[in-house]
Amino acid sequence: MDAIILQILNGLDKGSAYALIALGLTLIFGTLGVVNFAHGALFMIGAFCAVTLNKILTLSHTVIDPTKTDFLGNPAKIQVPYVYDIFGESAGASIIDWSVPLAIFFAIPVMIIIGFIMERGLIKHFYKRPHADQILVTFGLAIVLQEIIKYYYGANPIPTPAPAAFKGSFDFGAMLGFDPNIIIYPYWRLVYFCFAALIIGAVFAFLQFTTFGMVVRAGMADRETVGLLGIDIDKRFTIMFGLAAAVAGLAGVMYGPINAPNYHMGMDFLVLSFVVVVVGGMGSLPGAVAAGFLLGILESFASMREVIAFIPGINQVIIYLVAIIILLTRPRGLMGRKGVMED
Amino acid sequence: MFGLNKQDTTLLIIVAILALFAPFILNPFPEGSALAQFNAGYPDLMQRFVIFGIFAIGFNILFGLTGYLSFGHAAFLGVGSYAAIWMMKLLTMNVIPAIIISVIVAGLISFLVGWISLRRSGIYFSILTLAFAMMMYQLAYSDLFGQLFGGVLTGGETGLQPKVSDPRILDAALAEGATPKAHLFGLEMGASHKMNVGAWSFTFNAGYYIAAFAMLAAFYMSIRIFRSPFGMMLRSVKSNQHRLNYTGLNPKPYTLAAFVISGMYAGLAGGLLVAMDTQVGAERMFWTASGEVVIMTILGGAGTLIGPVLGSGLLKYMENILSKINKSVLESWFSFMPDGMSDFFIAITNLFVGKQWHITTGVIFMLVIIFVPGGLVELGKRIGARLSRKKEPNNTDGSAKPEPAE
Amino acid sequence: MTKTNMSRRGVLKSGAVAGAGLAVPTIFTAQSAAAYTNEPTGSTVTLGFNVPQSGPYADEGADELRAYELAVEHINGGGDGGMLSTFSSKALDGTGILGKKVEYVTGDTQTKSDAARASAKSMIEKDGAVMITGGSSSGVAVAVQALCQEAGVIFMAGLTHSNDTTGKDKRANGFRHFFNSYMSGAALAPILANNYGKDRKAYHLTADYNWGYTTEEAVRTSTEAMGWETVAAVKTPLTQTDFSSYIAPVLQSGADVLVLNHYGGNMVNSLTNAVQFGLREKQVNGHNFEIIVPLFSRLMARGAGANIKGIFGSANWHWSLQDEGSQAFVRSFGTKYGFPPSQAAHTCYVQTLLYADACQRAGTFNPCGVSAALEDFEFDGLGNGKTLYRGSDHQCFKDVLVVKGKENPTSEFDLLEIVEITPRGQVEYDASIFGGNLGACNGGA
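Chains as they are written, first to last, in this note's numbering: chain A, 2 to 344; chain B, 111 to 516; chain C, 199 to 643.
There's no promise every hint is true.
Said to hold, decoys possible - Only pairs whose alpha carbons sit at most 30 Å apart, straight line, appear in this in silico DSBU-like list of lysine-lysine: (1) A:Lys236 / A:Lys129; (2) C:Lys534 / B:Lys437; (3) C:Lys288 / C:Lys602; (4) A:Lys129 / B:Lys348; (5) A:Lys69 / C:Lys602; (6) C:Lys602 / B:Lys437.
Said to hold, decoys possible - Derived, one-sided and incomplete: chain B residues facing chain C with beta-carbon distance under 10 Å: (7) Leu254; (8) Gly265; (9) Arg394.
No lab work stands behind these hints, which were simulated from the structure alone. Ideal placement from N, C-alpha and C gives every residue a C-beta, glycine not left out.
Required output: the full structure, derived from the provided sequences and hints.
What follows is the structure, given as structure tokens:
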């Protein structure tokens, strides 16, 4: 029982990352009809927004400390961040400590601008092109983006810790009447789950309750008719792309403390998030979210050693196996619409 | 000739001549010169050109004709490779049984995968093929079946290589100290002849010519398929499957046949890879490898005959040549410039070569797809058209320059 | 449209003739002018540095490449000579190898065995490399080693830690200076027993591939011999990035030690995740919960940030070693590049020097001669104390470092502290225990 509760928690947490990325992918696909292979790269750039902000905050000038020596025996150079000079050492240190949450405010404008540039500069020209062309051009873009990041930040993961206030883990078990230390869960992962739920809720509310959202939903259902009604759908598409990029970016920013960001993290998530989107059903936002959480939870269950002992190797293949079973029993995934990307 | 029309015969002959003289064509720069870095006429790369050409030709039969975008074709290549290496470990180092069995096994597996995946179309089909391929990759990388049955099936991370201690029941025992080498009735795949002409050096490699012969046969087969009623049928699947259904024809057997044929091409490529370089690793089944063949096909021109071969050549060339240009090579290139200027050029060029070679491939995908949607074949046609237009300046071409409305 | 139809029989006949024509010509005979593959004839000799330049190990590969460039500089008589002055063999005199200036070519292994072999083949076939070295994973090392055996060149392995490289997959043309899983286990176990007691319950998370298995096996056997109990061992997929679902059940199992048989990105992620779960603040069975990382890499440990503090592991070499050789190497590397070298850089530098020295002593570049000169060669002054290149499996035997994540690092490079230098005698084993067959050296002629 305790093990199952724990894996459900794990699954919700894994699922929130999948769901956020799949949500953005589906937004772009559903509104613009574009298969965006650069979406993983947007997630990665989001994570590097956090890294970059951290770098900016820790920009330092050198002070030579004659009492210490470095590895070659020369006097040690101590790096003192400018933030310390401006805000004093303790305030400066806590600003740096909170750099990941602060990066949210940094990432939103950056991601929206990147989204706008991508849509206006590249994606716009591919609305009428075959999906294979879209895949190739966005895949090319993803490679270029990740190589640029690699050029400046190197290939190794870069630690981006959560604020000290979120270190450690919360004891659910004690709350539910289990022995202490049995069902524990890290604070930051709980934060990530709540954050994901918030973003997903906001996107749905935005689409449901605003005029803009109504038009976009109408565009998703029948783009030609909306165009015939004289609505400037192009402009809205650009905004949608910016929004989807921001969702991917935010998912990335907050993911930094969970796994240290590296330049290929986008590619690691890319295939998985496509599987999620397709299992959810092409063009269905609730489908994408549901599939994200479903696959997250199933993946967590499959990694239990009792399950592995029962079906060896299941943890290696679970996602793909589930995808195959769902696609064979439900032709258009969980909630897909007929005729979308079936040609 | 060979039951082809004139145009196709010409194309086949051109490809045959290119393949035959590849050692010359790919080594245009004299040995020791700064540009020798760009020579591609060494056996391994020439072999890769034709082998991945076969892979892409086969993929094009499925994707180019039917429009079904498989994202898991590398799995069939991998399966073919594993089958081939087991032949070499158990039967003989002769490449013929290895290649035959690789085609058969890949055909069987692709029949199974295709039979299930073709129940869906569009992106649902793509994800099904991807899922099967990734499952096979994961199982091969951790060698699950080998572990379960207490033996070795795929060798996991370190893969499989022929060893001195393998049974090889058809071969005579190896001489003391000899290593098992792949051969065709005694002709070793690695056997090469070097020809020195002045400053140039050309290498003729037995393995390359065998692979090139297989590529020509594969290319010929693909022309025949493109021109056959079967090929017409596949094209009609691409243009409108519903209408095809209404005419009372069931397209599935045709698409499945195309899927299996392209899977067998992949198996042939996998078998040849092992024949030329006797080892298998699971990475060649990873999704990026499947993506690579998609890229090759589109880059060269999906649905065209020669496109996939060109695309695979370009991609493998970039992978093998650009990645070897390191900083000291750049320094020697730009050494004639004044200091500041050479530093500047080295810094700029360094962004695109050596460890950054991926960026060049990314940029080229984008440029080709943005500006020449039909891929390299389209590019060639456009250049050809422009050249012929230059020859006849009076040729009126209304579409190129629209007159402004008045 | 004109069609020229040939009869089926005719096609078959002409095909057979053409086939026979292809097979027969005598130009297709192996070149036999040279005594061995790529015998250098001019005033230079070319070495092939095959390192990961893209993919997750690119930074490690970059550091290896720096070390190679430094080694070439020193062998050609440039720079301050580095470890040449401390190396016990004095055959190298700073005039290249056997009077030939050393040149090099580089390639990208992408940490894939196919790409690594393609890159190595181009070095052998196109650039005439007489030795291939480098790599940052065992899969690649085994694949390239087998290739070099076939082609008849020497392979000097870079960073590869699996027992297989010089165990079941060993080859006569391949040599490894780096240590292996077995040695890690043997060196770690006594230290762990001293620090954490003998009544511990261990939980293993193991990367699901050969290196993971051999490391788990080594650590398990040696800790169990000390009295530890292994509660569970779970395999994690190599492509896993989030290990939370593997780490969450650890506390329930009653284990009080977590062993992470992971390397590279896997290690950074699983360790970060484990620390996130607050495992190290827990008390289980009256003990502090502890985490162990059998193979530490300082470059990768940087990715885990503060999470590595106080965690035990093993290493082949560390720049803070105080012996003369290490100091000389750190000095010349640090002066040239501005930061201390990694253990990957060290092993690559040493391998290049050892190869050059063996050629010099053998008086030839012939793989068989070089191999004979390396086999059972005993040397000192290269940073690991007295070292033996064992002839029966081409594995180096030397002291192994047990290291610990430093509590108060003074710089971004100062992440590990050396807890103990386990003497060579304690980590030696019989060459036959891993099986495999070395075969005979191949000169390629």
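Hints and how they fare:
no. : hint                : result
1   : A:Lys236 / A:Lys129 : holds, 17 Å
2   : C:Lys534 / B:Lys437 : holds, 16 Å
3   : C:Lys288 / C:Lys602 : violated, 35 Å
4   : A:Lys129 / B:Lys348 : holds, 17 Å
5   : A:Lys69 / C:Lys602  : holds, 22 Å
6   : C:Lys602 / B:Lys437 : violated, 36 Å
7   : Leu254              : holds, 9 Å
8   : Gly265              : holds, 8 Å
9   : Arg394              : holds, 5 Å
Of the numbered hints listed earlier, those contradicted by the structure are 3 and 6.
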